[in-house]
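Protein chains in written order, with UniProt numbering: chain A, 1 to 431; chain B, 1 to 664.
It should be emphasised that the hints constitute simulated quantities derived from the structure, not laboratory data. Note that the Cβ used here is the ideal one computed from N, Cα and C, for glycine as well. Treat the hints loosely; a few may be bogus.
To be verified - Only part of the chain B face toward chain A is listed, based on derived beta-carbon distances under 8 Å:
(1) Ile122
(2) Lys126
(3) Gln130
(4) Asp133
(5) Gly571
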Amino acid sequence: MISSIVFINHKGEILIYRVYKDDITRSETTQFCAKIVATKENKECPIINIDGTSFIHITIKDIVVLATTKVNVNVAMTLQFLYQLVKVCRAYFGGEFDENCIKKHFVLIYEILDEVMDYGVPQIADADLLKKYIQEGGLKPELMNDVEKLKQLTSQATGATSWRPPNLVYRKNEVYLDVIESVNVLMSVKGTILKADVAGSIQVKCLLSGMPECKFGMNDKLLMQREPRKPGQTTTDKGITIDDLKFHQCVKLPKFDKERAITFIPPDGQFELMTYRITENINLPFKIMPVYNELGKNKLEIRVKIKSIFEKNLFATNLAIKIPVPKNTANVSTNSAIGKAKHEPDQQGVIWRIKKYPGDFEALLRCEIDLGQTTNQQPWIKPPISMEFQVPMFTASGLRVRFLRIYEKAGYKPTKWIRYITKAGEYLHRL
Amino acid sequence: MAYFGNNPQRGELQELYADLNDLNFEKKKEAVKKVIAYMTVGKDVSELFQSVIKCLEFNDIEMKKLIYLYIVNYSRQKPDDAIMVIQNFRKDVRKSENPLVRALAIRTFGCLRVPKLNEYLIEPLKDCIQDDDPYVRKTAVLCVPKVFEVSPDICPALLEQLQKLLEKESNALVLANLIQSMREIEVVSGKQLINLNQKIIQKLLLAVDECIEWGQIFILDYLATHNPQDSKQAEIIIERTLPRLSHINPTVTFCAVKVILKYLDFLDNGELVKNLCKKVAPSLISLLSWNQPEVQYTILRNISLILQKFPILFENEVKVFFCSFNEPYYIKYEKLDIMVRICDSKNFGQVLNELLIYLNEADPHFVRKTIKSIGKIAITYDKALEKAVSILVEFAKNVQQPTEPVQELLMQMQLIYKKSKQMYKYDESLKIIYSIVDYANEPESKSACAWILGEFGEYIPKSVEKMKEYIDNFQMEDRLVQLQLLTSAVQLYLKYPSQCATIIQQLITSAKDSFNPDVRDRTYIYWRLLSTDPEVVKNLVCFNSGVVSNFSKDLRLWETQDLVLALENMGSISNLFHKLPHQLYKNIKIKINNQHDVKIYKGEEKPDTQPQPQAQNQQDGSNQNNKKDQQQQQDIDLLSFDEPPSNININNNNNNKTDVFELI
């Protein structure tokens with residue numbers, strides 16, 4: 001499988017070097033560092049073959065995390081493993097992952113590398129689980145000598161519910177649900193929608209005692225069609241069509257496949273229960289209507305009208321509309337009734353920011369752009385207008401959580417909280 | 001503590017030596033850390049071997065791990081010293097009550113990789129494979145291939161033990177590692193080790209549900225290499241794999257897709273196949289928008305394979321492959337490539353509209369590839385010709401510099417005119433394209449310009465003067481351009497015999513002594529022919545009008561008979577390079593595909609005049625061998641300039657041409 005894992009800084013210096021199989025020499029890796037990392041040549045492509053050695057890598061900020069191999073490995077898995085490795089490191093370093101951290105904690109990283117991979121084969125790489133038996137400065141001697149505890153630990157690690165330790169106790173049992181939707185949309189110059197989808201995620205913070213079994217339900221059309229109608233109840237809500245769902249490892253997938261029921265024993269604390277993708281009947285929260293005019297050789301005018309398409313009692317927050325301007329822009333004068341618009345040269349655009357924006361409302365921005373002299377004869381390549389926003393208590397897909405039932409043998413009644421928010425993903429309008 | 005010091009000087013090693021032998025525990029530990037730091041930056045600290053291993057006396061697990069790391073790194077350089085640690089390992093494996101310590105010892109023990117030390121390892125390893133603790137077992141199982149690689153002759157008993165374990169093991173994680181380790185041994189030894197029967201398949205399928213994500217991948221990857229006995233078994237495996245499509249790890253999903261697609265071939269029930277395709281498609285599409293671009297890239301590189309065998313999966317889904325403005329270019333290139341492959345006689349309009357936008361991108365390579373893609377679509381689909389030409393002409397209007405895309409534009413226009421000569425009239429394309437010929441600076445694009453000049457001489461004002469300009473620089477040109485100039489000049493001569501008489505003479509004079517035999521030969525052939533029978537020349541060099549069918553390039557990437565094997569290896573490095581494993585790795589045996597008919601899964605067939613490239617694909621097992629030849633033939637057609645002779649009708653009067661040649 002994988003021959004070695006290497007961390008490299010942007011200069012091409014090796015920070016961490018762990019070999020799993022000795023079919024690779026250090027000089028092959030340094031060759032990669034010198035040829036690819038330091039020269040930044042072809043670095044973008046995640047897999048590079050040099051003389052029969054494959055270099056599979058990802059780049060996190062300035063750090064290149066590399067796996068080398070000489071056999072026909074599963075590349076997707078290798079990349080996924082590298083990402084997971086970075087995630088584990090971050091969990092240990094309080095979210096950080098940079099050269100300083102790596103140098104400071106190199107002993108710990110070697111310990112982690114020893115555990116997450118054996119003979120080039122990925123092993124247990126769950127940060128919460130690893131923290132139970134790998135700690136900076138070594139484990140407490142009490143644990144090392146407590147054979148019972150150790151047995152419990154290894155059986156959790158190798159068992160079917162490795163993500164949840166037994167015997168958790170909370171005085172107050174609570175569950176927080178966050179439904180977060182990112183809307184991706186691409187509109188053509190004329191305003192027709194070329195591509196629109198919602199990438200949703202349900203985040204759960206779980207503070208529950210014992211081994212609770214949870215059942216979770218949404219207004220999923222396929223699920224609601226299966227449910228028997230209650231007599232006397234006429235629902236107008238037919239549910240929504242979900243293109244695809246992906247679940248956290250705790251969700252019992254065979255059960256979902258058969259009954260479309262989402263059941264799970266949750267991990268402790270924060271986790272992402274599921275992600276989903278929806279392409280049908282999306283309520284786009286904003287419409288963008290740009291007009292582009294060339295007023296002579298050195299003057300441009302861009303007018304952008306935006307319209308919010310959601311209920312009046314809701315508000316969008318933190319709007320930022322980025323209107324691209326040419327590189328040789330000398331001066332921009334803006335005019336709008338709401339928010340603040342400013343030319344930001346480092347962003348090569350006018351950023352129009354609005355703190356709070358009501359539903360069903362229109363606003364207009366007019367930008368007059370004076371262009372400076374330029375020697376560059378190339379016509380300006382107009383990037384699309386992009387938009388950022390958040391709309392709390394709104395889902396672009398129309399998704400609603402219908403229930404979250406929790407069964408635990410202690411029979412407690414947990415408190416449940418839920419929030420919805422829709423954000424802009426790639427919200428683009430070609431100019 | 002200095003992490004990245006420079007070369008450990010002699011003095012520094014002395015200092016470390018002293019610290020390692022210090023009585024103070026903390027000092028020792030710091031020294032060990034320093035040693036590891038030196039090792040990381042690639043400095044040789046093997047001299048300290050004995051002092052380092054002495055530190056193993058302390059029961060400190062952090063230090064133990066560091067020392068083990070050191071030993072693994074230098075054991076092969078110092079096999080005699082390494083023997084001294086054997087006792088330590090054996091003690092840990094046998095006596096320690098702590099499963100973590102037992103596992104750590106056996107794991108490290110296996111990594112020593114010194115043949116004579118491995119003998120000491122066999123007994124403890126056997127114990128560990130039978131350990132009560134699954135954590136130790138999963139580690140021990142992976143230790144076997146380590147030993148096998150170095151000393152296969154002492155392993156038979158261990159292999160037997162693994163086979164027995166496969167029968168009785170119930171822990172999912174251990175099973176997953178077991179499968180992976182047995183596969184590794186199979187690769188090294190070239191012998192089959194896993195005897196897959198109904199019972200074991202059941203077990204593995206059960207383990208997939210309970211195992212960590214990596215384990216799921218190992219098992220699914222393995223199942224994809226297996227051929228089921230019958231339709232029933234295939235159905236069971238597919239049914240049990242389906243739930244994995246909803247796993248959050250994209251690789252698990254992708255492996256599940258692989259297993260399902262592989263087993264589809266073995267199903268009898270056509271309706272079931274259709275339903276399964278409907279289930280697989282959305283999962284696969286979700287993977288394409290996965291937020292890690294590297295993972296997205298690996299999936300994209302496998303799409304052409306899926307597209308070729310399962311066109312049904314991406315029916316009406318071309319939008320999925322549209323590029324976003326902010327995507328990295330390596331993703332955009334892949335998407336562009338797929339868009340051309342997925343393009344058909346129904347959706348070409350949509351694709352061309354999208355490609356039109358990419359012509360505004362900043363990266364010249366990308367724009368070039370876009371132009372090439374537009375050209376490919378135009379040549380493959382007759383109906384797309386007009387739209388493609390108007391896009392390219394519009395682009396040509398804004399050309400001001402000899403950029404890379406311009407070169408491609410000229411080359412693609414040449415191909416389009418070759419396919420359908422009538423296109424020169426469309427949108428005044430000839431006039432606009434001819435206006436940019438001076439921006440040609442690559443041999444291919446220059447030769448395209450020369451071709452256009454010869455072919456359309458009668459429609460281009462002052463074409464003879466332009467030809468003279470080219471011929472004046474004849475000696476400076478690339479061989480490719482020279483060859484084309486010869487043909488084009490003769491073409492022009494046939495059209496304007498009197499005006500071209502002098503330049504043809506000039507050309508022949510300068511070309512007949514060329515150092516390049518091809519150029520020389522072609523010159524003599526034309527010369528002889530022109531002086532004997534000009535009608536023959538006409539048939540040779542002039543091109544008919546009307547649409548040339550069968551001009552399309554084969555857009556299929558894989559040989560049809562390779563599809564099954566490629567599918568088994570979906571996600572692997574070889575597939576990423578669009579190769580079969582044995583083509584990339586010399587030590588992998590060629591696996592021969594026993595299935596004669598490769599099934600292709602298409603959507604509903606609608607009557608369509610334009611044959612799709614994939615459509616020819618079905619059930620053509622018999623003429624497999626011809627396919628390669630045909631493809632080569634087509635490639636040659638696209639490159640060569642001598643088109644098939646046809647009924648040429650040139651209106652110019654060529655009666656008085658022979659006397660010119662008598663003068664030469």
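- Item | Hints the structure fails to honour | 1, 2, 3
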